[in-house]
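Top line first, the protein sequences correspond to chains A and B.
So the first sequence is numbered by my numbering: it starts at 1263 and just counts up by one.
So the second sequence is numbered by my numbering: it starts at 341 and just counts up by one.
Hints are computed from structural coordinates only; laboratory data are not their basis.
Quick reminder that beta carbons are idealized off the backbone N, C-alpha and C, glycines included.
Misleading hints may appear alongside valid ones.
Stated by the list, open to error - Negatives, chain B to chain A, calculated, CB over 12 angstroms: (1) 444; (2) 456; (3) 487; (4) 490; (5) 553; (6) 554.
As the list claims (entries may be wrong) - Chain B is faced by these chain A residues, among others (derived, beta-carbon under 10 angstroms): (7) 2058; (8) 2063; (9) 2107; (10) 2127; (11) 2133; (12) 2161.
Each chain is listed here by its residues.
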Amino acid sequence: MMKFRFRRQGTDPQREKIKQELFAFNKTVEHGFPHQPSALAFDPKLELMAIGTKSGAIKVYGHPGVEFTGLHKDITAVTQILFLPGQGRLLSLLDDNTIHLWELVAGDPREVGGDKREGVVCLQEVDSYSLPGRPGIESCSATRVTVLLLLRSCDQLCMGTEGGGLYFLELPRLSLKDNQTLLQDQVTQSLPDDYRCGKSLGPVESLQEHPQQSGKILIGYSRGLVVLWDLSTRHTEQLFLGKQQLEGLVWERSGNLFVSSHNDGGYSVWAVTNGNIYNHQPVSSTIPYGPFPCKAINKILWRTTQTGSPVLLYSGGMPRASYGDRHCLTIQQDKDHVTFDFTSRVIDFFTVHSIDPEKEFDEPSALVVLLEEELVVIDLQTPGWPSMPTPYLAPLHSSAITCSFHISSVPPKLWERLVNAGKAQQGRQHAHGSWPICGGKNLAPPPKQQELLLTGHEDGTVRFWDASGVALTPMYKLSTANVFHTDCDPCDDPQDASDDPDMQQEEEWPPFRKVGCFDPYSDDPRLGIQKISLCKYSNKLVVAGTAGQVIVLGLSDERSDHLVDVSVVDLLQDREGFTWKGHERLEPRLKPAPFPPGFQPLVLVQCLPPASVTAVALHAEWNLISFGTSHGFGLFDYHRRNAVLARCTLHPNDSLAMEGPLSRVKSLKKSLRQSFRRIRKSRVSGKKRTITTTPTSKVQEANAALAEQEDVAPIQRRIEPRSADDSLSGVVRCLCFADTFLRDGTHHGPTLWAGTNSGSVYAYALEVPGVGLGRVCERGGAGESSVCVEALLGKEIQLMHRAPVVSISVLDGRGKPLPDPYEASQDLSIAPEMTNAHSVLIASEEQLKVFSLPKVSAKTKFKLTAHEGCRVRKVALVVFNSTVQEDYSEHTLVCLTNLGDMHLFNIPGLRPQVRYDCIRKEDISGIASCVFTKNGQGFYLISPSEYERFSLSAKVLTEPLCSVQLDRPLEPTPASDGMTPQANGTHKNQMGQAEGQTEEPPSSLSSPILDTPLDSPLSFADLTLDSTGEITVEDVRDFLTTVDEAENNLKNIKEEEGRSAGILIN
Amino acid sequence: MQGRREERDRRRESESREEEVFCLGTLPSHPAETCTRSAICQPVGLQMVGTSEGEDEPVVFATNSLQRRKKGLGLTGLRTPGSGSTHSKNRPGLMIGLPQNFRQISSIIDVDILPETHRRVRLHKHGTHKPLGFYIRDGVSMRVTQQGVEKVPGVFISRLVRGGLAESTGLLGVNDEILEVNGIDVAGKSLDQVTDMMVANSHNLIVTVKPANQRNNVVHRGSKASLGNSGSVGSAGSTGSALNSIVEGDSDDDDDDGDLILESDCLTPYDSLRVANGNNTNLNRDSPGVRPLPQSVSLPNSVGASLSDSSLVTSTHNGNPARTPGGTQENMREDGTFIT
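Please work from the sequences and hints to get the whole structure.
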């Protein structure tokens, strides 16, 4: 039989066409802060900023929404970036000593939302250059480029090297100008003998062009010598015989003086008077944080202002002993002196200032500091130098992300209230100067709907992000820590205290000021957020955490001081013989706490034992929440503050679940135990172990098995079916509320579904006062408020293969997912079909299966693991809209596997539609963090600080579409190299070589034609492979050709097959 | 097409040379029987020679298609003496049960369509307490191609657990290369993928291997009837040339819908009592975990009444469903549904 099933069905061309109109895979944009930034540059003419990373990516940012990404062929750190101002070109120096030229080129005209967008540009590498080693100088490090200088004329690039030589490249051709080369010997000749003293001058540390006289450059050598070199006459104009090791140089705007910074933490001001060739002493020399030994000042800027003294900005220079470990940047002007104290290393910084040569002063308006983990912008025009909120590049990982949740089409009312709550939070800490980096023009149409991305963090905060567009912007931050009494904040109002660090100016010297929000240290790991659920219609939010806390919150515009109700639910239900060895529960705050406007806690439900919450579900219409841990699940009526149900899912043999979360401490203990066991075992290796020993505990057995495995060979896998005894089998993996038929085929009502790690599904029929069965017999009456919600166990399903249940969802009579709470009752979506039989879709790690309701019998299934060898990790029901037919859409099951690929199935037929490679299979955190939107997009973490946004839909794409006004004419992209402006930058390297190459346009990805013929038997609508046993080949043939011969449970599949039939649109 | 298939099926029917290994299907319900069972379930091989390795003498029940065809039900052939040297080692006092008490634990299938160098083995996990008991590893396989001998990555059996199902059948050996899992080619799949595929199919695992020891291969017509220890005899009419790498699908699918569904009767329908459906025996069952909380209204009376009953049911349910008493097992094997 199987051989017939395997035979590839001739693909239906019509269906293939529809699939192309529905599905397309694109990685569209990266949100967040680039991982491991290594270089920074700014184009003052175009007002664009570029950031280079250690993985070889270049990201260019302008006005919010304007983004370009480029990726070098090699995964090498970008050490320097230079803009060719106004040209839309930039040069990058890589760690492998190559120089690359990038250009903004015109992309293909894109059609967006019906109208064509012209002038879309994208970033492309056009040329590269590698400096050859000089003959005679063997050491390759001698020609290693240390600094780059772009001459103002933009036709020459000057490269300083490790060997002290200076080389010149002609731009934009990147050809070496041999006759210009300046080797160190030429400089040494002009030195006075007492300075020369036979030593080398060291590498070139800094190159700066004279601000007024082009063609004159200042060359700073490591040993301290600074030379003013005239390029046209090729001779030394002046020599500044510094004795302290040099770190950086900067000209004053007039060109009358320059400043050098040194590795002893000091800086010197030198006058460039035309008389002397030799200058032995600087005008002044200062060590700002002396007199004790200080660290080097790595970079210094000197900016003049019209109003008064110049502004001096420098990084480093801290007293070595007391503050040597701080990451600091100092701004000084007259008496004003602020030492910005960052939480991560300063990579580079620049000021935004006037570049008009007519102007006499710099007039810096903003300071932009690139740190290792975030970008900080300081407003230099506002007194006190406050920091500015960044509209993009937000450090998502300011505290580690623990979970995420996405809400599509947020109602405007909720949006507005969130924006206001966020503004109230920000008001105190930020200046409101305009964002200084605003080059380019965003051509993307305004988002049709508002989208929210919620991220839960290790420190107990939930951050709300505006995910509607290309720039992921922070909106509002909710902290749940103040619901609890923690040791760390004795202060009564921790939120306020932590919120305005700007106000806390310490009196000490140096005058530190903490800036930035990156704070990787969590006060209490138990505060970590594990699960989030938000009802966008009723503004109810459920947040559940690591210590079994489940908090129900409501949105309020007023500040409120209140006591949060606490309810404790024991999930063990007097099971005996279990002792919880994990962490303690968090102590709830006993006194009323002040809660700022925004989401304010209403009830705290504490699960016992306080194991991490593994699943939550919220049904705001019924005022119910459900939550699950590794021990069981519970149902809570938050309106009546009443626990309705607690069910233990523990297997009697499962002792591992009781030992608490798999903490680091424990695993260390475990591994120690294991290694001891191994040692012991090797000692008694002569004696064969008897097989019949009964291990005293599951853990021991597991350890023994593990140790055994390790002993034999490192790469070997045991083949054993999952058994009921597997540890952590009771973990509740998913919960779901649905109004459906559980009791019988004629009466529907509220139900609760729970799935566990061992393939068990529990279905409860709920009686919710006021929610009539079938909405016919509305029970009115006076006593309603006293009536409680009831839950009765209706069905228990044990999946034969015992694989963890990943998701449960109920499909209506048409095979469409049930709408969210309130959507049906408030006519926000098409009412579910309640006349035909419902079905339940249960996705386990191994199989997808649809069962009919109320009699739970299998209708269709797809055995993914058996056929593909991959396991289901994430599942979502998604609506795909057609690019061609405005009103055509299909509900599709999207399934992310442990191999990082996306499988799309139709429902309820569960027939494979397409498959796309998405995430590297080694990227476990990426796969674990993936979250889908309801319209076919998704996010996953590509680094701790970045989300990759992708789209599976051919219609719904959020990608950067932007134009930049350039000085040069925009060259159209060569046809073959047509690169769509999609930015799958940084981590393309993770996607394999082919994709990482710039010549290989990622646009090929967007063509579904190319994507489908993967070597998988599932790629095509090759259907029968997996259908239930009842569907024989003959059956399938029939239903492919005739539409009307419908069997009940295949009705929906056919509906989808029969093109002529009107398709239901949601 | 259809005709050809039928013809082939018919042919296969007649030529089916399934090597089947049986062991006692009735599982002991009390400890006294345990020793007997363990003796019976000891390593059984295709080798007709007793594989006794010392401590206890295994009793080998093996049959081949020839005997089976002759005797109708192959098992009866076991009692006839002289089918091998094995029986001389039988403990005289041991009673051999009735055929229906035997249960297939493994078989070699598709002998006629596979090349001689390959072997397709089916392991029946149902009903055994034994682990499948083998490990797989990555390795390098040699393939003869037009360009010459080529090294390609392959997956191999790395270890057999003593007393496990795989070892006891004797059909799989260390260093056998795994070519297919339930009809799906493993070429290009990672070790983890192959592991997952095997685990997902573990209730009815069909592996096609290239045995490391090619001397025990099933030999086709024209070859000598026995080679080494092979107990199989070549049957007439086998072509052996049709290399079709696809396993019969029906066998793959059949016992897969065996999800256990328990319904509670306390959930009374509104109009009338639910009629028990044919496939699922309804259980008066309320899980012990579902004690109503003090706040919630108590459950209907019927629940309380059924509680004592349900605790018993629960215990069987929580255990491995395979532990269900023997009566249903034949049933299980047939259609794959578990009914408690």
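Evaluated hints:
no., hint, in the structure
1, 444, "17 angstroms, holds"
2, 456, "21 angstroms, holds"
3, 487, "21 angstroms, holds"
4, 490, "19 angstroms, holds"
5, 553, "20 angstroms, holds"
6, 554, "23 angstroms, holds"
7, 2058, "4 angstroms, holds"
8, 2063, "6 angstroms, holds"
9, 2107, "9 angstroms, holds"
10, 2127, "4 angstroms, holds"
11, 2133, "6 angstroms, holds"
12, 2161, "7 angstroms, holds"
Hint compliance for this structure: every hint is met.
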